[in-house]
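Heads up: the sequence shown begins at 615 in this note's numbering, then just goes up one per residue.
Read the hints as simulated data drawn from the structure, not as lab findings. Among the hints, a few may not be true.
What the hints assert, rightly or not - Simulated pairs of lysine to any residue, SDA-like, Cα-Cα distance not exceeding 25 Å: (1) 705 - 692; (2) 643 - 712; (3) 643 - 658; (4) 664 - 646; (5) 664 - 624; (6) 643 - 660; (7) 685 - 709; (8) 685 - 732.
To be verified - Across the chosen pairs, the derived CB separations fall in these ranges: (9) 634 - 655: 14 to 24 Å; (10) 630 - 717: 17 to 27 Å; (11) 681 - 659: 19 to 29 Å; (12) 621 - 725: 28 to 38 Å; (13) 708 - 671: 23 to 33 Å; (14) 724 - 656: 25 to 35 Å.
Predicted, not measured: the structure shown is a model, and the values here were computed from it. Every residue, glycine too, gets a C-beta built ideally from N, C-alpha and C.
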Amino acid sequence: VTSQLPYDLGEENVHVGPSDYVPWLGDRKWAHIRIEGRTFGDVPLTLELKLEVWDSPNSAGVVIDAVRCAKLGLDRGLRGTLEAPSAYFMKSPPVQHPDDEAHALTEAFINGEPHAQRTLQG
Numbered sequence: 615v616t617s618q619l620p621y622d623l624g625e626e627n628v629h630v631g632p633s634d635y636v637p638w639l640g641d642r643k644w645a646h647i648r649i650e651g652r653t654f655g656d657v658p659l660t661l662e663l664k665l666e667v668w669d670s671p672n673s674a675g676v677v678i679d680a681v682r683c684a685k686l687g688l689d690r691g692l693r694g695t696l697e698a699p700s701a702y703f704m705k706s707p708p709v710q711h712p713d714d715e716a717h718a719l720t721e722a723f724i725n726g727e728p729h730a731q732r733t734l735q736g
């Protein structure tokens, strides 16, 4: 989460977890988000949000797009991890890029632009 921010929030201000399978949630994921800040006149502002999603259908579109990129890589004779699509579609890619950069690189990969065809061996 914090690796994508251009500034340090402080470790005590961010908590994410658990990221493992939680049996009693089944195929659901919950996110509790709390944002604190200040508004006009330096008045405190707090936003609390609970997001609940069903995980498998939520991931289907991402998986389909990742498979399409893998097929493009195979058709182009590429071998190894496709850096740009991995950075955009996967939770823990071997090379992390900011979201907007990963999206642009993936679009460039799809369009066959040479600079976006990088693969990682290993």
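Which of the numbered hints are not met once you compare them with the structure shown?
-> Failing hints, ascending: 3, 9, 11 and 14.
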